[in-house]
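Q: So the protein lines, in turn, are chains A and B. Just so we're aligned: the first sequence equals residues 1238 to 1463 in our numbering. Just so we're aligned: the second sequence equals residues 14 to 432 in our numbering.
These aren't lab readings, by the way, just hints derived from the structure by calculation. Just so it is clear, the structure is predicted and the values come from calculations on it, not from any experiment. Cβ coordinates follow ideal geometry from the N, Cα and C atoms, glycine included.
Each computed EDC-like pair below joins lysine to aspartate or glutamate, with the alpha-carbon atoms no more than 20 Å apart:
#, chain 1, residue 1, chain 2, residue 2
1, A, LYS1379, B, GLU325
2, B, LYS419, B, ASP342
3, A, LYS1270, A, ASP1306
4, B, LYS341, A, ASP1295
5, A, LYS1378, A, GLU1360
6, A, LYS1415, A, GLU1444
7, A, LYS1324, B, ASP342
8, A, LYS1379, B, ASP21
9, A, LYS1378, B, ASP21
10, A, LYS1324, A, GLU1244
11, B, LYS422, A, GLU1314
12, B, LYS216, B, ASP177
13, B, LYS341, A, GLU1323
14, B, LYS32, A, GLU1337
15, A, LYS1353, B, ASP342
16, B, LYS17, A, GLU1360
17, B, LYS17, A, GLU1337
18, B, LYS269, B, GLU280
19, B, LYS341, A, GLU1314
20, A, LYS1270, A, ASP1305
21, A, LYS1353, B, ASP21
22, A, LYS1379, B, ASP328
23, B, LYS422, A, ASP1297
24, B, LYS82, B, ASP95
25, B, LYS419, A, ASP1295
26, A, LYS1459, A, ASP1295
27, B, LYS419, A, GLU1314
28, A, LYS1279, A, ASP1263
29, B, LYS422, A, ASP1295
Here are some, though not all, of the chain B residues that point toward chain A, as calculated from beta-carbon distances under 7 Å:
#, residue
30, SER25
31, SER329
32, ALA335
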Amino acid sequence: MSNIILEARNISKVFTDPVQMNVLNDISFSVGKGEFVSVVGKSGCGKSTLLYILSTMDTDYQGELWIDDQKVTGQREQQLAAIRNEKIGFVFQFHYLLNEFTVLENITLPGRKLGKLSTQVLEDRAMKLLRTLGIEHLYNKKANRISGGEKQRVAIARALINEPQIIMGDEPTGNLDKKNSEIVFEIFQQLSQEFNQSLLIVTHDPEFAARTSRVIEMEDGKILRQ
Amino acid sequence: MNAKLIIDIALSLLMARWKQTLVAAIGVTFSITMFITLLGFMNGLNDMLDALILNRTAHVRLFTEIKPKADQPVYEHPEFKDNHNILHSIRSGNSRESIYNSGAIIKTLQQDNRVIGIAPKLKAQVFFNEGNIDITGVIDGIDVEAEAALFFFNDYVVKGNAADIRNLANTIILGKGLAEKLLVDIGDVVQITTAQGESFRLKVAGYFQSGLQDLDKVQSYASIQTVQKLLGKPADYITDIQLKVRDINDAPAMAKEFATTFNIDSEDIQSANAQFETGSSVRSLISYAVGITLLIVAGFGIYNILNMMIYEKMDSIAIMKATGFSGKDVNRIFMVIALSIGFFGGLTGLVFGFIISSIIDQIPFNTAALPTIKTYPINYDAIYYVIGFSFSMFTTFLAGYFPARKASKVDPVIIIRGK
Ligand SMILES: Nc1ncnc2c1ncn2[C@@H]1O[C@H](COP(=O)(O)OP(=O)(O)O)[C@@H](O)[C@H]1O
Ligand SMILES: [Mg+2]
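I would like the entire structure built from these sequences, with the hints used as guidance.
A: Written out as structure tokens, the structure reads:
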């Protein structure tokens, strides 16, 4: 058992439409267990593109991706979905929740898909997460009836339901005001310090990055510093 | 576990769009209702028209045909028997219309357990004398009890009592059209002349209405004994033996068998009424065509609604995929949506189809041609319900297949980046 949870080996990606463009150029780095890593860089430098590859949703790239000592590159769609479900918690910039479901149902859905715990146990766990995030009272509300900051906290709870190996976030505070950004950051920090949760968070907020344990700086599809 | 989750998600998506879902389901319901009603009604009519013939046609009829002998004497003459002889103007040697040894044949048939009923008959051509006009007609000498048991004779006697022709001597039941031509009522006396020139007077015991008007203008019935008396023939003189057999499909083979065994002519119901099958199958075909057309229209409705739903739910599909649902799961979710529309829409359609059939079944339908029918006929055969339900599941499956496949292929990266 190595101490590394995620490893990118020489990952490159080319967009050919509308013009040929090397959006990612030979990216290699790794994230250790319990590390809180942030990725920074100018808008358009390829941070999101990289994160979609690392989260196994984008399979069209060169190089290799390893998660939890397992080679992910080349796996079939169904296995990738299972890896996302079990090992990765994803928090988007825009709070994607299923509007047909309540807050509690949104959070338990990935857990029910995993199928390891009963719905009852999952709901208990979801309630505990909501309590930690300070939004316990919202559990029975429909997802489209809560504010943006609350939605982002629900999305974090959903990302945590299966106790993933790593949490990935694409500018999770990018759409929030100062106060809510602070709340979200503190949640991440708490997860990192108290639960030794590995995190890989893309951000363009230098203040946010400065407070993480490690910063990866990107420019024009390359890693400048890490 | 996974199945329950998929069904839960599918139903939540359905509920979120319950108005469109309802419209789609109503489309299926409507077509299945029409399908069931149409088939039930069409086949009810088929059965009725078939019964019109089947009820009153023997499965096998034994008779003696007047025809030339197959082996002409020239072929027995030693000088010509090996030649190819051309014969002109052959006469029928056999002038005997009655069945030879009928008593013995009937006894043998009674022992045969493939035969469920035997009705002897004696046909006589007569003239009904009305003033100085002679109307040609036929008197069938029948055994009323056998005729009633095998051919529902009593159902067609619309006035008077069928049993009277057995119980009262010299009585006759006239076809309704014939009675009207002769201007006679029950209790009146008609004058008839046989082909041999003998005159008789018979008392009218009732009217008979078959549903075939041309037949009712010439046909009449009396007891076998009465007709034997008219013709001056002995007590075993009959022209036809009518049989009902246990399995109607055996009729052609049995007809052939009896023809050789008894050295007699025979006819089975299939060759006598070949055209009936055709009419029935054309009517069924029309009902199926209409039902399937309606279902295809409903199918397009479902297809549209699912496509719309997928465009609306792109975000939800992307989230589900990002959180670990595979393309296969998404595909199943949308298939469940389509099939549940088919299932509930179809089931409701069956219920409504049954209700409408029952209502039609109550509507009075009186026609002079069909005295035994009082309301519109409906066939409630379960097979139409099974077919209707299978069709609705099949159509919704097809309607859901392509949208579901599209949903399963949604690339979450494109959706999430697009924000
Ligand atoms: N589907 C695409 N086709 C072509 N170019 C793309 C596509 N998606 C992103 N890009 C380009 O790739 C570059 C990197 O994009 P992105 O990873 O979103 O940057 P960041 O997240 O760092 O702002 C941008 O210049 C963007 O215009
Ligand atoms: Mg970005």
